[in-house]
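What follows is the residue order along each chain.
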Amino acid sequence: MIIAERKPFAEIKAAVAPYEKILIAGCGTCVAVCLVGGEKEVGLLASQLKLAWGQEGKHPTIGEMTVERQCDREFIQPLGDAVADYDVVISTACGAGVQFLAALPGMKPVIPALNTTFIGVNEEAGFYTERCRACHQCYLGVTGGICPQTMCPKGLLNGPCGGNIQGKCEVNPDRACAWCEIYARLEQQGRLEQIDTILPLHPNGRSNTPATVIHPAYKRRYFAHE
Amino acid sequence: MSKLKEALEGGRFPIVMELKTPKGIDLEGMLAPLKSLNGKVTAFGIPDSEHAKMKLSALAAARVVKEAGGEPLVFMTCRDRNRLALESDLLGAGALGLENITAMSGDFVSLGDHPDAKPVYDADSVQLLQIARGLMAGHDSAGLPLTGSPQFCLGAVLIPEADPVAPQLLKAKKKLEAGVDFFITAPVFDLKKLSQFKQLLGAQSVKVLACVKVSKASEVEQAAQGQLRKVYSLPPQIIQELSDADPEEVLKKGAVLAGRLLKEIKAQNLADGVYVKARGRGDLMALILEQAGV
Numbered sequence: 003m004i005i006a007e008r009k010p011f012a013e014i015k016a017a018v019a020p021y022e023k024i025l026i027a028g029c030g031t032c033v034a035v036c037l038v039g040g041e042k043e044v045g046l047l048a049s050q051l052k053l054a055w056g057q058e059g060k061h062p063t064i065g066e067m068t069v070e071r072q073c074d075r076e077f078i079q080p081l082g083d084a085v086a087d088y089d090v091v092i093s094t095a096c097g098a099g100v101q102f103l104a105a106l107p108g109m110k111p112v113i114p115a116l117n118t119t120f121i122g123v124n125e126e127a128g129f130y131t132e133r134c135r136a137c138h139q140c141y142l143g144v145t146g147g148i149c150p151q152t153m154c155p156k157g158l159l160n161g162p163c164g165g166n167i168q169g170k171c172e173v174n175p176d177r178a179c180a181w182c183e184i185y186a187r188l189e190q191q192g193r194l195e196q197i198d199t200i201l202p203l204h205p206n207g208r209s210n211t212p213a214t215v216i217h218p219a220y221k222r223r224y225f226a227h228e
Numbered sequence: 004m005s006k007l008k009e010a011l012e013g014g015r016f017p018i019v020m021e022l023k024t025p026k027g028i029d030l031e032g033m034l035a036p037l038k039s040l041n042g043k044v045t046a047f048g049i050p051d052s053e054h055a056k057m058k059l060s061a062l063a064a065a066r067v068v069k070e071a072g073g074e075p076l077v078f079m080t081c082r083d084r085n086r087l088a089l090e091s092d093l094l095g096a097g098a099l100g101l102e103n104i105t106a107m108s109g110d111f112v113s114l115g116d117h118p119d120a121k122p123v124y125d126a127d128s129v130q131l132l133q134i135a136r137g138l139m140a141g142h143d144s145a146g147l148p149l150t151g152s153p154q155f156c157l158g159a160v161l162i163p164e165a166d167p168v169a170p171q172l173l174k175a176k177k178k179l180e181a182g183v184d185f186f187i188t189a190p191v192f193d194l195k196k197l198s199q200f201k202q203l204l205g206a207q208s209v210k211v212l213a214c215v216k217v218s219k220a221s222e223v224e225q226a227a228q229g230q231l232r233k234v235y236s237l238p239p240q241i242i243q244e245l246s247d248a249d250p251e252e253v254l255k256k257g258a259v260l261a262g263r264l265l266k267e268i269k270a271q272n273l274a275d276g277v278y279v280k281a282r283g284r285g286d287l288m289a290l291i292l293e294q295a296g297v
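Sequences listed follow chains A and B, in order. If you read the first sequence in this note's numbering, its first letter stands for residue 3, the second for the next number, and so on. If you read the second sequence in this note's numbering, its first letter stands for residue 4, the second for the next number, and so on.
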């Protein structure tokens, strides 16, 4: 899922300070799971803003609305309808949701409340770690289910750099060297021959942004060709 | 033909001294050792913003060294260049008459003095060797033909004390397959470990330059406290030998030790030459050569 962190409160407050009517738009999927952008967090941000401005003698209107997903046209229209009563929207979605919302016809200025960080996993409550860089070329079948592009800070494809020390990463000694782990797992599974061959240069051209994917079944609908 | 390659292939035990590229354009300090040592060493190593600390371009420094009469050995990291820049710089090296190239992944940016720089690593060191071989064969990595091909003597890095060692051996095997002419090891203080690693590497035809290094006082102190986080280690008796309250004395003791190691590596045939990290100082290098009887 997409992992995000909330921006510092002072940054959010400063960004919406010029406005009198503020809608906080939550997102009920990834950012709700990682505890930064769901209905509960929208409520917390609204309370924080009310409290902070209350101490300054200000009482702007703050509305709250959380939809299932801000990255899905099917779910964001209610936000488009509700925004007529507000001057600005604070979105607690990831960067994709913020942009989708901001592009709705008649939308007011949208301020992000989060910094989107990575595609990752929920290790334990409140503890998330990165796993995927969405590189358009998955090596996991070859590298024992450990991503050399993501788990190695250098994204090396043909073995470890010279900087690992006792199996720990040069960049962060608290973390295992991805290539030492890849080697150990493949050795344990009797699949070391899979990494004998030199992997070619990564096809970075596929990752040029902004990317588009059209499901094969829908290619005709969107006039896309094989 | 590269003098380094001639010396390696001729079994003449080349000695390569690493120079310190300046953070700026004052070249005097970098070039100082050339005046006193040229003729005593085969080539001069030119790091590529070592430890991810921004320094003068290795290619520019290498050309300056060449014009001053030295044989440069240029390090090229994948850290700061995409494949276009790697290839373009390799062609640049060829055009500037720089024949010796050592391919490295490169220390990560967050370890250096520009921690917010974007790390590149479009290629890894194995792929960079393949790219260089391709240019030598007359084509770039996209398969397009060149008008004039460079010729290189290609090096790569080995870590004799790698732990675990097997992934490092896998990488070494791929570097050999990609066409490396010589390896440079990480600094070696314990010759038994170098010997053991050479056995693991097997009877390869590739040449090896063993690295001997003059440690500075802070490194010796860290090693004494068990805090030295490096890919090599200092045995306790060496820490004791190098320890001194005066940092300059530590360097001199380090040079004496490096000279002794150089002599033993040559005598025991543990490598085909040496790569000396003498902090870029001609006086320390002279002391090393004197101790080694070179």
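These are calculated hints, taken from the structure and not from any lab test. Possibly wrong hints are sitting among the right ones.
As the list claims (entries may be wrong) - Dumping the calculated DSS-like pairs for lysine-lysine here, alpha-carbon to alpha-carbon at most 30 Å: (1) A:K170 / B:K56; (2) B:K58 / A:K170; (3) B:K38 / A:K170; (4) B:K195 / A:K170; (5) B:K269 / B:K38; (6) A:K9 / B:K69; (7) B:K269 / B:K43; (8) B:K6 / B:K23; (9) B:K176 / B:K219; (10) A:K170 / B:K6; (11) A:K170 / B:K43; (12) B:K176 / A:K170; (13) B:K233 / A:K170; (14) B:K256 / B:K195; (15) B:K121 / B:K196; (16) B:K219 / A:K170.
Hints and how they fare:
no.	hint	verdict
1	A:K170 / B:K56	holds, 22 Å
2	B:K58 / A:K170	holds, 28 Å
3	B:K38 / A:K170	violated, 42 Å
4	B:K195 / A:K170	holds, 24 Å
5	B:K269 / B:K38	holds, 25 Å
6	A:K9 / B:K69	violated, 53 Å
7	B:K269 / B:K43	holds, 16 Å
8	B:K6 / B:K23	holds, 21 Å
9	B:K176 / B:K219	violated, 33 Å
10	A:K170 / B:K6	violated, 38 Å
11	A:K170 / B:K43	violated, 39 Å
12	B:K176 / A:K170	holds, 22 Å
13	B:K233 / A:K170	holds, 11 Å
14	B:K256 / B:K195	holds, 21 Å
15	B:K121 / B:K196	violated, 36 Å
16	B:K219 / A:K170	holds, 25 Å
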